[in-house]
Amino acid sequence: MNFYLTYLIGAFDPWSLAFYVASAIIGFLLGWAVFGSFKEKFAQLNQQHHMLKSSMDRLVDEYSNYKVAIDKSLLEKDEEMLKLNRLLRDTKDNSNPGLEKDYQALKGKYKDLKNAYLNLKSAYPKKKEIYKIVDQLKSELEDAKIKLKKQDILLLKAKSESFPRNNNKEIEAYKKHISKLNDKLKVQKNSIKSIDIKELNKENKSLKKKLKKYKKQLNKKARVKTETVELVETIDVKKLIEFIESGKLLKRRKSKVLSKDD
5 MNFYLTYLIG
15 AFDPWSLAFY
25 VASAIIGFLL
35 GWAVFGSFKE
45 KFAQLNQQHH
55 MLKSSMDRLV
65 DEYSNYKVAI
75 DKSLLEKDEE
85 MLKLNRLLRD
95 TKDNSNPGLE
105 KDYQALKGKY
115 KDLKNAYLNL
125 KSAYPKKKEI
135 YKIVDQLKSE
145 LEDAKIKLKK
155 QDILLLKAKS
165 ESFPRNNNKE
175 IEAYKKHISK
185 LNDKLKVQKN
195 SIKSIDIKEL
205 NKENKSLKKK
215 LKKYKKQLNK
225 KARVKTETVE
235 LVETIDVKKL
245 IEFIESGKLL
255 KRRKSKVLSK
265 DD
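So my numbering is basically just the index in the sequence shown, starting at one, shifted up by 4.
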């Protein structure tokens, strides 16, 4: 043993020892790096494997549940089909021609309603245009109403100018005068015993003449008023408005007032 050690020591080369040590260190580092990366990849693959396995298990469970539900629904549908076939067989055996006619009539009515619905659906854009036209006509109607109100106001102004307040005052004065004359007649009738009959007859005749005169004047005023009302109602509104706006009516009234003053 000692001889072997002395042989190894005698054949010892420091460069070869350094080479062996360096190769061992490099090999250790490479092995650690490669093994570490493989370990991480293995952990990732293992995690993915577990995730895929859990998802596959979930899919299998869902598939089995879905299959059970489908089988159940198919069985129910088969039972319904059997019931319907039995009902059809029973109705064919106990068929009624009246019911068949009603069925065909309802079927035709359904087709007509469907066609009408399709026609309405296709005509819907046209209805939008009609609604626009209707809205436009409504706005035009409102404008026409406003213009008509303005014309009514102008017509009322024209009527008020045609019937000044002086005429009404004169009529009221005539009425008061007639009432006074009637009161005088009543007083004279009550005191007829103290008055001479001839003088009374003369005074009565004069009073009756005055009464007739005032009545004629009153009737004349009333007739003139009704004629002017009818005349104003038959006047064309547009021409009357133009006549008022031009100022001719005021000019005529001023000329009449000046002539009266003269």
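Note that these hints are calculated values from the structure, not bench results.
A few of these clues could be false.
Cut-off 30 Å, straight-line C-alpha distance, at most; resulting in silico cross-link-like pairs (DSS-like, lysine-lysine) [to be verified]:
(1) Lys136 to Lys113
(2) Lys180 to Lys214
(3) Lys180 to Lys151
Label pairs and their in silico Cβ distance ranges [said to hold, decoys possible]:
(4) Leu78 to Tyr107: 29 to 35 Å
(5) Gln51 to Lys81: 52 to 58 Å
(6) Ser68 to Lys105: 47 to 53 Å
(7) His53 to Leu88: 47 to 53 Å
(8) Ser58 to Tyr114: 50 to 56 Å
(9) Lys81 to Met60: 27 to 33 Å
(10) Gly112 to Leu91: 21 to 27 Å
(11) Leu91 to Arg62: 39 to 45 Å
Glycine included, C-beta positions come from ideal geometry on N, C-alpha and C.
Results for each hint:
Annotation: proposed proximity of Lys136 to Lys113 is violated, straight-line Cα distance about 33 Å (limit 30 Å). Proximity of Lys180 to Lys214 is assessed by CA-CA distance (about 13 Å); at most 30 Å being required, the pair is judged to hold. Using a Cα cut-off of 30 Å, the hinted pair Lys180 and Lys151 is violated, with the two alpha carbons roughly 43 Å apart. For the pair Leu78 and Tyr107, the beta carbons lie near 30 Å from each other, so the given range of 29 to 35 Å is met.
The hint said 52 to 58 Å for the Cβ distance between Gln51 and Lys81, and at roughly 44 Å that hint is violated. Taking 47 to 53 Å as the suggested C-beta distance range, the pair Ser68 and Lys105 conforms, at roughly 52 Å. Checked against the hint of 47 to 53 Å, the pair His53 and Leu88 passes, with Cβ atoms roughly 51 Å apart. About 54 Å separates the C-beta atoms of Ser58 and Tyr114, a value consistent with the hinted range of 50 to 56 Å.
The supplied range of 27 to 33 Å is met by Lys81 and Met60, whose beta-carbon atoms lie about 31 Å from each other. Judged by the Cβ atoms, the range 21 to 27 Å given for Gly112 and Leu91 holds: they are separated by roughly 24 Å. For Leu91 paired with Arg62, a C-beta distance near 43 Å keeps the hint of 39 to 45 Å intact.
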